[in-house]
Amino acid sequence: MILQALALTMRLAVVVSAILLAVGLPLAYWLAFSRWRWKFFAEAVVSLPIVLPPTVLGFYVLVAIGPMSPFGRWYQALTGHSLAFTFEGLVVGSVLYSLPFAVQPMTASFSAVDRKLLDASALLGASRWRTFWRIVLPLGLPGVLAGVVLSFAHTLGEFGVVLMIGGNIPGATQTVSILIYDQVQALDYATANRTALILLMLCFVMLALLYGLRRRTPSSAWMWR
Amino acid sequence: MRKLLIYAVFLLLLVASVSAQQITVAAAADLNYALKDLRLRFEHKTGDKVTLSFGASGNLFAQIQSGAPFDLFFSADEEYPKKLAEAGLAEKASLRTYAIGHLVLWVPNGVGLDRDHLPGPDTLLRDILLQPSIQHIAIANPKTAPYGRAAMAALEHFGLKDKVAAKLVFGENVSQAAQFVQSGNAQAGLIPLSLAMAPAMQGLGHYWELPADSYPELRQTAVIVSSSKRKATAQTFLDYVTSAEGTAVLEQYGFRVPQAK
Amino acid sequence: MSPAAGPASPGELKVAVRKRFSDGHSAFELEVNFSAAPGITILFGPSGAGKTTLLDCVAGLQTPDGGRIASGPTVVFDSASGIDIPPNRRAAGYLLQTLALFPHMTVRQNVQYGLAALLSDEREARSREILESFRIARLARRRPGEISGGERQRVALARALVTRPGVLLLDEPLTALDATTKARIVDDLRAWNAKQGIPILYVTHQREEVFALGENAIVLDAGRIVAQGPPHEVLGRPTSETIAQLAGFENVFECTVVGQHPEQGTMTCRLAGSTLEIEAPLSRVDPTQPLRLGIRAGDILVATSPPHGLSARNVLEGVITSLRQRDVQVIASVNCGAEFQVQLTPGARNSLNLETGLKVWLVVKTYSCHLLQ
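Chains as they are written, first to last, in the working numbering: chain V, 1 to 225; chain L, 1 to 261; chain B, 1 to 373.
I should point out that these hints are in silico values taken from the structure, not numbers from a laboratory. Be careful, since some hints might not be right.
Far from chain V, some chain L residues (derived; all Cβ distances over 10 Å) [stated by the list, open to error]: (1) Lys49; (2) Leu52; (3) Ser94; (4) Asp127; (5) His136; (6) Val169; (7) Gly171; (8) Glu209; (9) Thr247; (10) Gln252.
Label-pair distances were calculated between CB atoms; the ranges are [unchecked claim]: (11) V:Leu202 / L:Pro132: 57 to 65 Å; (12) B:Ala117 / V:Lys116: 16 to 24 Å; (13) L:Ser243 / V:Ala196: 42 to 50 Å.
Where is the CB? At the ideal position from N, CA and C, for every residue including glycine.
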């Protein structure tokens, strides 16, 4: 039970982070460099999931993928089944839920790249594409990594959205957080404890690895005299 | 003279507000509509206020066990209140079965069902749930909701438990199960009659009552919580719910009256 | 016929543009029309004159409101026919004021950045050649953060030049360097250009550089060209007050000759708008024509009591109207009937207890008064 939920949750986090990396890069690029005067609208939309309670988001996703919505009907016609109560449905909900956590750090670090470097790159004959890959991305990498890590972590801990659209099916939509909640409600505190502990250890190990691998930035030794 | 009158009215209101009690009631999710109605009538009658918290009976049970400040607990079954009483957390003497709950199969409009032959009670579940157009069947989580357990029992009774296991979708409580099926995300649901009869579900689907012998009787029982500071008012409310008037209201909402013990 | 109207001969840069721009305080219209031959052309002018905007337009980083830019036979911008070649296809080398070296790449990678279109052999050969000619080959593997300011400048230059651009634009490239380093870099640049022969637009606001570098100078003020020509001509005989000030004459006065004294070698000039008279060196000018006199602020002495026994012919009584300190310079404005700017050291101000409202005497040597054309 626990392992199944754990594997499922990990898989969800990996898939969602991968999607958010692919979707987030171009979105962050556009948000960082576009000069469209209504850009702030897009920024607000991207930031919505931070402010919205997860249950609200889950509710809207459920409505959107249900048979009453054009999208739900289209998906049903295409694949023969609904997106609700499936792993793929969770992916959709989680991608929306973690979108700002992926995009905002990326946008921030892209914006922080010195514009003069971009000018210099163009003056040396580089196309916008080449400038992005050789200048913006390498210099903005910390933000990209932060975005990936944040979306991974955020998805691991997701509860509200999964609760609304998952249907609590072991092996398909029963994530670790739902499992723990289930166990607590069933008054099986011992198992709940065990499950929670495993998740805690896992997260701790991941974070420790991450921080250990990051290159240490020099800091003034005298600050800690 | 007029001043005196104003003073008197003021005092009366003061006294009335001071003596007006407020109780907090934990109620199984299937009582969503029925209890709200009963509350309004009760408040109108007595001036006391009732705050309602709905959830899966098992969930509420766990909360009371952990000291949640409820005065009264309306469970969907008999076991949870009994357990509370045995543990000393509820007044044993106040245990009262207030209604018998019923399970129905609800199917939203638009699900392609073979309606040519209306299923009889014996073949009901089999005829519908095994159809290919039924991809998801919503029930309340059996671990925490008596209706969920009843649904599983009914499936077992009809020999369908293994066959439909892969299609089952679990709602947090009966309300979420109803929501799953009402929105069409699940193509069938085993939910309380009281929710199937609710205005929100009217005209959106079709339901069939399950035969009473296909699942253990849902003897919905209430109990007063020991830690309550307003047991008298709680008792008054419980008395009202189980009175002739209260029972009539419950029947309107799809509950059956418990036979005299 | 304006210089930029006809076709450019190979290697010549012809620029005729106009553009509205602002220097942060007020809006100007940049309107220029000039032609730059192969060699170093200095773009000289005060801050906010539009020099950087002009370079940006030539490079394609900014779009002029209208006009035409041609680099050799190629028209890179023409508002009439809608031509606007993006910066990455203009073959313009541009050394930005901040250098903009890529911090995450080595010197070699920086220099090779613009050579992506070449085969790796040729890329290696060219980058090695330029690293050697700018004497930075030993730094090839270092990052920009690990080398000195002068070395960074060379790397930036090498990076811009290795692509064999048709025109080179330099925006105040040598400001932060000491004289020796500057001189060496300039020599390298000249040597390099002797071989390549492209137009180089060199922007500066320091007059020493104008003299040191330029074969040709263009003076820009408030978006307009106010003078063109060889440096000593443009600055030695300033044709406008702005240029005079740039050339270092803070005090410029219109005056008329009221008396000539050939045996003294002086002439008396009355400053316009006042009764003040100054002795200036005698020169062969038409005494009926008004002329301009320039006095450097650093050439004026201040006395707090009427001085005696001085050789100076001009002692002017006045009142200090303002005292400003800028870095280690103190500028005093003194009203003697006409307003004079005087440059002092902070020490002088302190020891004389100068303050606004104080009556002082200004002392100006005859030979400190320069006739401006």
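Hints and how they fare:
no.: 1; hint: Lys49; verdict: 27 Å, holds
no.: 2; hint: Leu52; verdict: 20 Å, holds
no.: 3; hint: Ser94; verdict: 23 Å, holds
no.: 4; hint: Asp127; verdict: 21 Å, holds
no.: 5; hint: His136; verdict: 5 Å, violated
no.: 6; hint: Val169; verdict: 4 Å, violated
no.: 7; hint: Gly171; verdict: 8 Å, violated
no.: 8; hint: Glu209; verdict: 24 Å, holds
no.: 9; hint: Thr247; verdict: 31 Å, holds
no.: 10; hint: Gln252; verdict: 29 Å, holds
no.: 11; hint: V:Leu202 / L:Pro132: 57 to 65 Å; verdict: 40 Å, violated
no.: 12; hint: B:Ala117 / V:Lys116: 16 to 24 Å; verdict: 23 Å, holds
no.: 13; hint: L:Ser243 / V:Ala196: 42 to 50 Å; verdict: 46 Å, holds
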